[in-house]
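As you go down the protein sequences, you meet chains A and B in turn.
Going letter by letter, the first sequence gives residues 194 to 380 in this note's numbering.
Going letter by letter, the second sequence gives residues 3 to 183 in this note's numbering.
Simulated from the structure, these hints should not be mistaken for laboratory data.
None of these values were measured; they are calculated from a predicted model.
Be careful, since some hints might not be right.
[As the list claims (entries may be wrong)] Sample of chain B residues with no beta-carbon within 12 Å of chain A, all distances over it, derived: (1) G48; (2) P132; (3) E133; (4) H134; (5) L154; (6) G157.
[Stated by the list, open to error] Listed next, with one range per pair, are the computed distances between beta-carbon atoms: (7) D19/B / G206/A: 46 to 54 Å; (8) R72/B / A212/A: 26 to 34 Å; (9) A288/A / A172/B: 17 to 25 Å; (10) W119/B / S290/A: 27 to 35 Å; (11) G372/A / G161/B: 50 to 58 Å; (12) P77/B / E222/A: 19 to 27 Å; (13) P159/B / S349/A: 25 to 33 Å; (14) T317/A / R30/B: 33 to 41 Å; (15) G45/B / Y358/A: 42 to 50 Å; (16) A172/B / T286/A: 28 to 36 Å; (17) E213/A / G73/B: 22 to 30 Å; (18) S150/B / E222/A: 22 to 30 Å; (19) G20/B / A288/A: 36 to 44 Å; (20) R30/B / G322/A: 27 to 35 Å.
For glycine and all other residues, C-beta sits at the position ideal for the given N, C-alpha and C.
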Amino acid sequence: MTERRPSLDELVGEDVTPAERERLLRVHELLLEAGPPPELPVEAPIPLRPQRRRGALIAIAAALAVSVFAVGVVVGDRSGAGDADFVVAMSGTAAASEASASLAVFDIDEAGNWPMEFSVEGLTPTPSGRPYELWLTKDGKLVALCGGFLTNPDGSAVVPMNAPYDFTDFDGWVVVEEGSTAPLLTT
Amino acid sequence: MDGSEPSDGQLIERIADGDSRAFDELHRRYARSVLGLALRRLGDRGRAEDATQEAFVAIWRSARTFDAVRGRGAPWLYAVARNAITDGYRRTPSPVSELEDGPGSDPDPSDEAEASWTAWRVHRALEVLPEHERPVIELAYWSGLSQSEIALKLGIPLGTVKTRTRSALARLADALEEELR
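Using the sequences and the hints, build the whole thing.
Pasting the structure below:
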């Protein structure tokens, strides 16, 4: 990319209404701000897997509900989270007492990933602007990251995530601010 | 954007039903946006290409969590791709941590997030341009050529360059205001 910035007047001329010029100016500024799109590599096949694989995995979810996350886990879809296999309820700690969340976990795919949908309310954006993170925990320690997210000004967010982990290796989930280990929501 | 084309949200819903053609179309629309986001986050081209693959796999797997009532397709895709890219980084961090954003010279995280989202939308919108319009935008904005130089390079009259440029900008404005808002 060169240092020369194009002039909108040069590009579109003067024969344009003020309203249209304003609209094109916004695009002009966005193009300059965005910079050039990257060149794509030679096409490589993306390994896609079937969308659904139920069956014995329900049993895994049930086992998790009983033995791993005994508190806050509901087997089956009782939260309106579509066809989730199980839903984990989370509540705010003293640092975020107004916050609550649910994590809908869908049936695992052939590669061993658990698609999830995380829904949170009452968790206002961090003053630092940093995102929040959802982690799997073991013995009170953050062990495996499930994903990061930002919340709306009203504290809500609905975020798809994915966990390529064996849940039996963990004993809970927590939400923290990125870079922090202090729990804001826990199971 | 051509009104006869399915929206991003419609494509995601079809992907949720296992429609690989819908996935191919979504990949065509967003490949540059996802790769651009990965490059911005990771810096390294090879790792960014790997992360892009992982992001599209995540889109395929997560498609059934998309709910059109809750919002448009572009923000959902952005969230899925960003999480996949970040997860990939956390699993295999490089010796030099590009994602560290401590105090000092690094940009404010919220500014960086806003810039990433802007680039995502703009790069996606560029995919709506016809093949004869896209070069005039790229040469004007990212090669630094004047309109006369573009005419010379493409071998077309100056008036045609101006017509195509204005048409392309209007088309981008439509895309950014409507489908990708």
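Find the hints from earlier in the document that the structure breaks and name them by number, from lowest to highest. 1, 9, 13, 15, 16
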